[in-house]
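Chains as they are written, first to last, in the numbering used here: chain A, 1 to 247; chain B, 248 to 631.
Rather than coming from a laboratory, the hints here were simulated on the basis of the structure.
Just so it is clear, CB atoms sit at the ideal spot from N, CA and C, and this is done for glycine as well.
One should not assume that every hint holds.
[What the hints assert, rightly or not] Pairs of lysine-lysine residues, derived as DSS-like cross-links and limited to a Cα-Cα distance of at most 27 Å, are as follows:
hint : chain 1 : residue 1 : chain 2 : residue 2
1    : A       : Lys217    : B       : Lys355
2    : A       : Lys199    : A       : Lys167
3    : B       : Lys392    : A       : Lys188
4    : B       : Lys487    : B       : Lys392
[Stated by the list, open to error] Covered stretches of chain A, as calculated for chain B (at least 3 residues, CB under 8 Å):
hint : stretch
5    : 155–167
6    : 186–192
7    : 208–222
[Unchecked claim] Label pairs and their computed distance ranges (CB to CB):
hint : chain 1 : residue 1 : chain 2 : residue 2 : range
8    : A       : Ser96     : B       : Leu570    : 33 to 43 Å
9    : A       : Met115    : B       : Leu570    : 31 to 41 Å
10   : A       : Tyr238    : B       : Met493    : 31 to 41 Å
11   : B       : Pro478    : A       : Met115    : 26 to 36 Å
12   : A       : Arg101    : B       : Leu570    : 28 to 38 Å
13   : A       : Arg101    : B       : Gly499    : 38 to 48 Å
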Amino acid sequence: MKKIIAVLVGATALWAFSLSSELTPEEIIKKVDENMVSENRVTQSSMTIKGKRKNRVLTSKSWTIGSNQSFTEYLSPAREKGTKMLKLKEELWIYSPASDRTMRISGHMMRQSVMGSDLSYEDMMEDRELLEMYTAKLLGQEEIDGRKVFSLELNAKVDDVAYPKRKSWIDAERFVPLKEELFAKSGKLLKRVTMSNVKEVQGRWYPTKMIYKDMLKDGEGTMMEIISIQFNQEIPDYIFTKAALKK
Amino acid sequence: MLALKLAFKNLMAAGLRSWLNAIVLAFAYLLIIFFNGLMDGWNAQGKKQSIGWEFGQGQVWHPEYDPYDPFSLEDAHDLFPEVSASVPVLVRQASIYPSGRMQSVLLKGIPANQNLLELPTHNLVASNTGAIPVIIGERMASNSKLKVGDQLLMRWRDKNGTFDAQDIEIVSIFSTDVQSIDLGHVWIDLERLQGLTGYTNQATYLVSSTELEEGETGGWPHHTLGALLKPLDDLIATKKISSSIMYIILLGLALLAIFDTQVLSIFKRQKEIGTYVALGMTRWEVVRLFTFEGGAISILGAIMAAVIGTPLFYYLAKSGLQLPAASTENSGITIGDVMYPVFGLGLVLGTVVIIVLTSTLVSFWPAKRISKLDPTQALKGKIQ
């Protein structure tokens, strides 16, 4: 009986894979968008910044609507607890409880690392649909950690993208990226993101562990683990106001 | 004239007391002239350097540009107006990665063939390696541990916000006192920066080689040399005030000593005062004599200060004063490692006049008591 079940499961997986392999590159990234992009989301996560001597772990809770509105509150460690960040379009505000002050971060600072990590503020906020920004080309099929993946090359079709070229390795069954490489206009590799611990949340697959590596910087990178995530929630408007920073 | 002669004679007769007062006053003279000369030297040096390296004879800024506001940099660029004898500069923000560390920099594009500013921009065309040639200041080089020939990565965004990154090569390191064009700055050829960012024929500000008139700036706001140098003037004025506290205290002590000496003289020399009056001097003539005595201490101090100060200040003005590295490093202020004080005639004469006048005033104050003395009683040496 067990053998029959194993054969059936295997056959189903093969059938699913054969079906997905007939998908066009655009259809693949559309499916990725369906998993990764949402109207809004509420996330609790931990960020481990790997240092030369010791690692720093920060936990935070974020409320995000698209790529224009985001509010993050740091929950630990004690030194960062109560620090809040508000992003409204191109503007980023940071509230520091130690000084009880709200500071605006300039456009250039948005590209700097968050709390010394390998993520920039912009990386954290990015939530545009890939299909809207890129044309895709299927490079082939590979295997990452025992899972079949599509290897895709994405080239920007609009001007206002941060990374004009990406390489993505998409899980052929769940349609989530398991690895991404982000390139500069000159072709220089800027960042590598590896994703794992893919879980099903509210009917969509989502990677809950991501390791960001700024390829221009030394260091081992930054690990982001999602503790909980909820999509398409009711988020009150007042959260995305400067007044909410001091509450 | 008699009063003056007598005054100096009495002063010499007082011996050590007079000399001590004169020494303290001479010290006050030297200190006042030294500090003010140092500040004037800094001012002159700072202005000369700022004009040569940064300001030219004035600047014309993009209406959005504010060098003290990083928020303004994003939008402060446009096709620049035709301004004769000017050098355009485009300012963008970028990140460099020296030794695997990320560092934010201001990326400034300036024509490689300019010769208005002292920046060695002629080097910006030379690179055999294919990397983008850039020049930096020695403070920036020291902070980032960079030297000529080093290659490192630079990342920036073009006009659409798209990331780009390429290797840059340090082709020259310049030495300047103007820290505001050195710290955190990377200089690149203007045309190349325009090409890399897509801001063709655009600039953030123009540096002019001549004083511009209204209407010559093509609609962009004009910042005169005076306005550009005002922060330096204000800073030096503040420094002058804060450093004056020290020599005001010293001068105060010296004046207090003169005052005390006068009070003591009048108290001890009652018989002498009585004799002067008995010999036919009016009481006010005696007051004048004692006032001269006090004032003469300041003249004696001035002579002593001149004897010590002339060679000392001449040497300092010629060879300069080496400032400790930590006092000027990374302060962002235009200040050289060696400061050359300027001891102008106005400063020296002004200091002498102020000290002589104040000394005479504090000498007169106790001396005016003499006018109320009864000469008969004074002659008897009776204390009144």
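Quick rundown of the hints versus the structure:
Distance check on the hinted pair: A/Lys217 and B/Lys355 sit about 23 Å apart at the alpha-carbon level, within 27 Å; holds. With a CA separation close to 22 Å, the supplied pair A/Lys199 and A/Lys167 stays within the 27 Å bound. A threshold of 27 Å between alpha carbons decides the hint, and for B/Lys392 with A/Lys188 the separation of about 24 Å falls inside it, so the pair holds. Proposed proximity of B/Lys487 and B/Lys392 is contradicted: the alpha carbons are some 35 Å apart, above 27 Å.
Check on the stretch 155–167 of chain A: 7 of its residues sit with their Cβ under 8 Å from a Cβ of chain B, so the three-residue criterion for coverage holds. Beta-carbon proximity to chain B at under 8 Å applies to 3 residues in the stretch 186–192 of chain A; the threshold of 3 is reached and the given coverage holds. Check on the stretch 208–222 of chain A: 5 of its residues sit with their Cβ under 8 Å from a Cβ of chain B, so the three-residue criterion for coverage holds. The supplied range of 33 to 43 Å is met by A/Ser96 and B/Leu570, whose beta-carbon atoms lie about 36 Å from each other.
A hinted range of 31 to 41 Å for the beta carbons of A/Met115 and B/Leu570 is consistent with their spacing of about 38 Å. At about 56 Å, the beta-carbon gap between A/Tyr238 and B/Met493 misses the expected band of 31 to 41 Å. At roughly 34 Å, the beta-carbon separation of B/Pro478 and A/Met115 lies within the given 26 to 36 Å, and the hint holds. Between A/Arg101 and B/Leu570 the Cβ separation comes to about 35 Å, which falls inside the hinted range of 28 to 38 Å.
Taking the beta carbon of each, A/Arg101 and B/Gly499 are about 42 Å apart, inside 38 to 48 Å as hinted.
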